[in-house]
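There are 8 protein chains.
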Amino acid sequence: MSEQARLDLQRRQRLGMVEAIWGEHKTAAQIAPILVRLQASGEPALATRVDEAKAIAVAELLAADGATAALVPQLQHHPEARGLSLGDPLPPRPELGHVVVLSGGTSDLPVAAEAQLALHWHGIASELLLDVGVAGLHRLLNQLEGLRPAKVLIACAGMEGALPTVLAGLMPQPVIGVPVSVGYGVSAGGQAALHGMLASCAPGLAVVNIDNGYGAAMAALRILSSGAAAAS
Amino acid sequence: MSEQARLDLQRRQRLGMVEAIWGEHKTAAQIAPILVRLQASGEPALATRVDEAKAIAVAELLAADGATAALVPQLQHHPEARGLSLGDPLPPRPELGHVVVLSGGTSDLPVAAEAQLALHWHGIASELLLDVGVAGLHRLLNQLEGLRPAKVLIACAGMEGALPTVLAGLMPQPVIGVPVSVGYGVSAGGQAALHGMLASCAPGLAVVNIDNGYGAAMAALRILSSGAAAAS
Amino acid sequence: MSEQARLDLQRRQRLGMVEAIWGEHKTAAQIAPILVRLQASGEPALATRVDEAKAIAVAELLAADGATAALVPQLQHHPEARGLSLGDPLPPRPELGHVVVLSGGTSDLPVAAEAQLALHWHGIASELLLDVGVAGLHRLLNQLEGLRPAKVLIACAGMEGALPTVLAGLMPQPVIGVPVSVGYGVSAGGQAALHGMLASCAPGLAVVNIDNGYGAAMAALRILSSGAAAAS
Amino acid sequence: MSEQARLDLQRRQRLGMVEAIWGEHKTAAQIAPILVRLQASGEPALATRVDEAKAIAVAELLAADGATAALVPQLQHHPEARGLSLGDPLPPRPELGHVVVLSGGTSDLPVAAEAQLALHWHGIASELLLDVGVAGLHRLLNQLEGLRPAKVLIACAGMEGALPTVLAGLMPQPVIGVPVSVGYGVSAGGQAALHGMLASCAPGLAVVNIDNGYGAAMAALRILSSGAAAAS
Amino acid sequence: MSEQARLDLQRRQRLGMVEAIWGEHKTAAQIAPILVRLQASGEPALATRVDEAKAIAVAELLAADGATAALVPQLQHHPEARGLSLGDPLPPRPELGHVVVLSGGTSDLPVAAEAQLALHWHGIASELLLDVGVAGLHRLLNQLEGLRPAKVLIACAGMEGALPTVLAGLMPQPVIGVPVSVGYGVSAGGQAALHGMLASCAPGLAVVNIDNGYGAAMAALRILSSGAAAAS
Amino acid sequence: MSEQARLDLQRRQRLGMVEAIWGEHKTAAQIAPILVRLQASGEPALATRVDEAKAIAVAELLAADGATAALVPQLQHHPEARGLSLGDPLPPRPELGHVVVLSGGTSDLPVAAEAQLALHWHGIASELLLDVGVAGLHRLLNQLEGLRPAKVLIACAGMEGALPTVLAGLMPQPVIGVPVSVGYGVSAGGQAALHGMLASCAPGLAVVNIDNGYGAAMAALRILSSGAAAAS
Amino acid sequence: MSEQARLDLQRRQRLGMVEAIWGEHKTAAQIAPILVRLQASGEPALATRVDEAKAIAVAELLAADGATAALVPQLQHHPEARGLSLGDPLPPRPELGHVVVLSGGTSDLPVAAEAQLALHWHGIASELLLDVGVAGLHRLLNQLEGLRPAKVLIACAGMEGALPTVLAGLMPQPVIGVPVSVGYGVSAGGQAALHGMLASCAPGLAVVNIDNGYGAAMAALRILSSGAAAAS
Amino acid sequence: MSEQARLDLQRRQRLGMVEAIWGEHKTAAQIAPILVRLQASGEPALATRVDEAKAIAVAELLAADGATAALVPQLQHHPEARGLSLGDPLPPRPELGHVVVLSGGTSDLPVAAEAQLALHWHGIASELLLDVGVAGLHRLLNQLEGLRPAKVLIACAGMEGALPTVLAGLMPQPVIGVPVSVGYGVSAGGQAALHGMLASCAPGLAVVNIDNGYGAAMAALRILSSGAAAAS
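So the sequence lines, in the order shown, correspond to chains L, W, Z, E, F, V, D and S.
Numbers 1 to 232, taken from our numbering, label the letters of the first sequence in order.
Numbers 233 to 464, taken from our numbering, label the letters of the second sequence in order.
Numbers 465 to 696, taken from our numbering, label the letters of the third sequence in order.
Numbers 697 to 928, taken from our numbering, label the letters of the fourth sequence in order.
Numbers 929 to 1160, taken from our numbering, label the letters of the fifth sequence in order.
Numbers 1161 to 1392, taken from our numbering, label the letters of the sixth sequence in order.
Numbers 1393 to 1624, taken from our numbering, label the letters of the seventh sequence in order.
Numbers 1625 to 1856, taken from our numbering, label the letters of the eighth sequence in order.
It is worth saying that the hints were derived from the structure and are not from the lab.
Certain hints may be false.
[Stated by the list, open to error] What the simulated footprint calls covered on chain V by chain F, stretch by stretch (three residues with Cβ under 8 Å from a Cβ of chain F suffice, anywhere in the stretch; the number is not a length):
| hint | segment |
| --- | --- |
| 1 | 1289-1296 |
| 2 | 1321-1333 |
| 3 | 1338-1346 |
From the three backbone atoms N, C-alpha and C, an ideal C-beta is built for every residue, glycine too.
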């Protein structure tokens, strides 16, 4: 049972993405050595779903070991996005274009922030457009022009999740819907938003799992890279 | 087992509504005598969820019995609304105001028509506004002024069911959302639309069961009657 | 990521409702500035789903900032309704009539209280009728006369949620059913009550999301305002 | 694969019940020999969920075989209850008392009839009280005195299924709730009624599977037999 | 909002049961006065789903008020059954016969104990038969003779919940199945056990809500009282 | 779109199993050429979930084509198992031991027969033990000795699906539970049986999808082959 | 109720897509005039989910009306894709690159064909790669090189739906997963495949509703257009 | 209520398995005496789902009682597997062959460890193969040769749970899939993985309940014992 985690170090070469660590069900003692090994392999090292207590525990583990103590200053916790990184992101790739991340309400912020962090970690620029939920439609309609330059739109919404539907009916870009697990009653856990996005009457809306900001960012990265190949 | 159906003949006095017959799981042999007894009691006689074959079977049963054969000309099938009526509706009550019934798409028409028929049967005027789904938002935005005189809005939608949410964010009247069982995959059966309406971020949207055009009409009737009481 | 929340300040003019803050998934640091900005805009400032600890944290944040410290005395926590308000409600509008809020049992009280607080905040008077669950039917039957003057009835119930059905079979007014998430086993989370209300055999019962006392109040407000328009 | 069905011929001695054949997923070719064998063993032979076409097919199979042709006159189809019997029921046992079967609406009739047939087949008398759904409560309240002599109440209801709850809050006898699969939207298939009965706020309501009129009858038979033992 | 709980004090006369307080969602401040009022009305006072901390809080509230301090010695917490009582149970009624409560495993004990406490509170004697789950069938088969004198069998089981099915196939008495919310994966929350009991191939098994030991006891009480009436 | 189906002809070498055709969603025009190509490759050719009408259509297609008309006599429909085969099964492998397939009731027969056919097609002998459902437990207990020589037990059951649990508590062999989609209400579609088997309190019960007689047979084949390897 | 369908004729200008008619719940009498009006507006006219009988009925309606009889030769039914078109598709746009549509099995073909037809209707070229399900992994691994030139991959799969996950772990392009409603038991209706794709451990997999081949095509079109913009 | 737990001490003789204690819903006071009694009966004593705090509490209970204090040194907590044992496992049985336990990711480790501990406790050797999830397929493909000598493969996976499907398509041995409750959104609780494994397109994959590492080990033990019998 002492076997080491088997990392997928060829992932960047194969898919153009780093292997991020999904931190939610892992202990600090499991996360710390994976971060170190990723960095030692020349890969950008990022863990998602890491709260502040776990981030501190990772820092303490690195500090307690002579072989890794020097790495502590490179460890950075991103509280809003619940991310933990070691070292630097990939260099910026402005030629791929940028992404706009929209959110229906303030409560969707952690998911939007996770998407932005994941994009940043792969060198992709993004903007955040907060609080454009459809109950006050003018807030979104007033921003449409600002969305036109974006190559991909990521729309995060909880409750009934109608934002991506309305957005995809107004704008021609790829729209990735991210259901968010805020809500209560029938929307608790994000199922109503998920089903609303999948059932959307707007054509060509693509969806990822509830709260999966990271996945939305990677779907956007695939799209941007495909477009870049087209351009060359 | 030969007991006769126990009708709720005081319902109109108590609630201001006639007792409509829910025809879906009843045979023609069960529906025919109830219609006759309702009419004989001076009540408007209406059955919902009656398809054409069952309507014809009811007509044949009435025609075959000397005591009821004279009623056949008063029997009327409403194919779009799937309703079957015997005799006349209640007289018009224009002083209560009117209702607008909106639908997201053509496929929602049977449910919208059931709501209109039920309103008409209680003397309430209504208008239909078809095909104003949110995938082409301008279709709804162009109609808002026409909605202002209505006392109640009934919004029927299948798929993700976002129409009532967008509507309730734009207009101040009572909005009753009716989820419609059109769709496939996660929207099959109308569950996605139902959950989307219940989870709506728009404040004060009230909801009835899937496909329940009749119920939406009765909720509107309660509202109109309550307002009329206020006015007096 | 430092963008400010985008408030819907025209909501009262458009819909006749203030924009309440849904506090459940927001931090004190997010709630405090929104309350301040709402008040500064001349809007009644109300947050729902705020427990006592979060309310105290908001107070401390306001107190710690010179620009807002003077507002602390206007901050009020409503423990039973789990609401937090800054400043005064809208002035009373007795001409719109009043609402009766019924509850099946004592455990439904927080939801009933939320509905009453939301009505009060919009100037609407309400009465509470507690513990009229259908297992002891005489408790409700004894109160029917007292319900007649009300313009709208809001019925909160957990478990099997039969109260709104029985009520809507007895009284002609608009009845808004609010399923409550008390119960265990199949009624845990309020799903059994929600489905029972949607499937009701009583005609014209309208339903809102589980525990959505605020939404029921806003639906009632739409009805009262519509009736007022009728009266004028 | 030619093995004969393994009948549970000791069931009556062990449990006081005959082994009824659940006919829904069986072919006429499977049902016919089981009926014959049950009768040959001196057991009352009853199959449930047999529609008219299948009943005719069984009759034809019996008629076509010289060894069984003489049994055809003893074969009886009970269309309302969807039952098929061969030979006679058990003799009446009036000393056990009788059962009242209530139904919310006419559409619940097949389930109520199945319960009555199963009771009759075990020698138990029953009465049917039709159309006492809670949307017109006076219909039930007017009948309470007639229910007092019954030893067990079986209450069949679809839609929201509130009838057994209201009944069990009014009467002291054992109440067995039978959810019925009539309804649409959230009540389609009888799930809302089932959950409503299980979640009932009325104490001591016992429930059987959706549409399980036969099971309700057998639960009543267990109760009556247990009371008879008490009496001796 | 200061209205007092509306107690159902005629319940014992009407149904033969006391009104027990469901304590799970009530505060100590809500429970204490209800217990006092029930006792003052001459009713046995029992609350279910009260853990030790809440029981102590109730005791402290009673002690702190001069009018109720003298009642504290009559307050009794039943930890295994999670019940809190004030004063004495109803006197024993041995003429009604006794109940056996069976449990599949040790983890079902709290539910079984709740059933036993509720029976005891109504004067009914019961025995407990623990750990007779069907994975080791001989444990149950060895006990069958001891079950024969019981008038009612209550069978509590989590996981797949097969115990009541096997029991009802072996014994002729009324069997009440109580699904228990122990288990994980598909059996988490007791849904698998509930569905297994409802779908049982054993005839006449009646079921109550998950973890509803109190309801099973009240169903048994209805049966015992009905039998007693038969006997007289 | 005219591309030919891509067969997995190395499956037998890799896994020891032939590639059976899942016929349920395929047309006769799709099934016929795959059967022919499998046979031409020297593979035993078997399609599952083929009803009689589709089998006849396949025969007609083969007959209509000169290149395949000679194959028609080798085509065989297995009505109980709903299978369609072309040519011969694999030769018997008695050294691997045999399997017993048990069924709770007659309605489970098609699933049990599919398992037996699939075993036969791979050279494995099997016996069928019908109607040993747990409502009449003695029927199973009387057969235990006959089960001892079997290497694997496959237990098919609908309704509550308790048979595999009871069996796995009594016998030491590998037990594979197959939930069957017979039942109504909560057991409709086989979900209750599936969950009951997964939640089983009997240790080491393995489960396959609802109605998946073929899959159970293949799991048994894997076990038998693994044991044979052990024996050599 | 005679209002005409409100078409979204600006959709192509706004989103780059034509408005396809969702034909499943529409009658031939509703579909025919919409096709005619779309064509009259210069839009490519396409209806999805139209079976052969409905297609013939549309043709007959057009033929019966002198104003439209001349259009019949332009009407074309696409049986595999279940599509009905009037007139010509948009001209080819090879500069946008092409799409590969993969399917796990032959039963997924209708969904894959719908995606291909929708792409073709918008001028996009596509290839089909059939039967590359993961149970015989070599079939997919052998085709990877052929996938490299594609700009977008659409992967259709029923059952457990693992194909898009495996594909997205191997290839860097945008991958759109389409769950297909083939399967039985837990995979009936496509829910298992849908959840498997949303829960995928492969990063950046985007998903559309079950059987939504049209939606997958439109998501691909958005991506291709976005890349084209990048290229210019 | 003081009855002692009824242990199934003949289980090893009957089934070849010890009776493990499922510790999750039991208190330390319930677990301690069962462990002692098992050991006193000569049975290996093992409890599953025991966290460190409960293990310490058991140790303290044993230490506090003179009759059991001497046993404390034999008590061992297995933190990764969440197991608690008293005394020694059964002696090694290398002649039965060994098992390989695979896991998709590090988060699946507790379930894999529980399976290994349960095997070890019955004398079965096992190896762990960690982190071979299908998002980086080469990690699994590189290990296939090492899997050939194993008699049984146990594959643990959360998220979409595709690992057992891919594995069962590549290797001929018995494969037991164990869904793991790691994931979020649609995969929260392990339902997506469970359904994916049951719906698998790979033939002969057998499945146990979510997180049921113990059950998978017992299924493997049944297989190994059956093979051993074959060999003798």
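Quick one: see if chain F covers the segment 1338-1346 of chain V, three-plus residues with Cβ-Cβ under 8 Å.
With 3 residues close enough to chain F, the hint holds.
How does the segment 1321-1333 of chain V fare against chain F when you require at least three residues with a CB closer than 8 Å, holds or violated?
holds (count 7)
Stated coverage of the segment 1289-1296 of chain V by chain F [criterion: 3+ residues, CB within 8 Å]:
holds (count 4)
Hint check: no violations occur; every hint is consistent with the structure.
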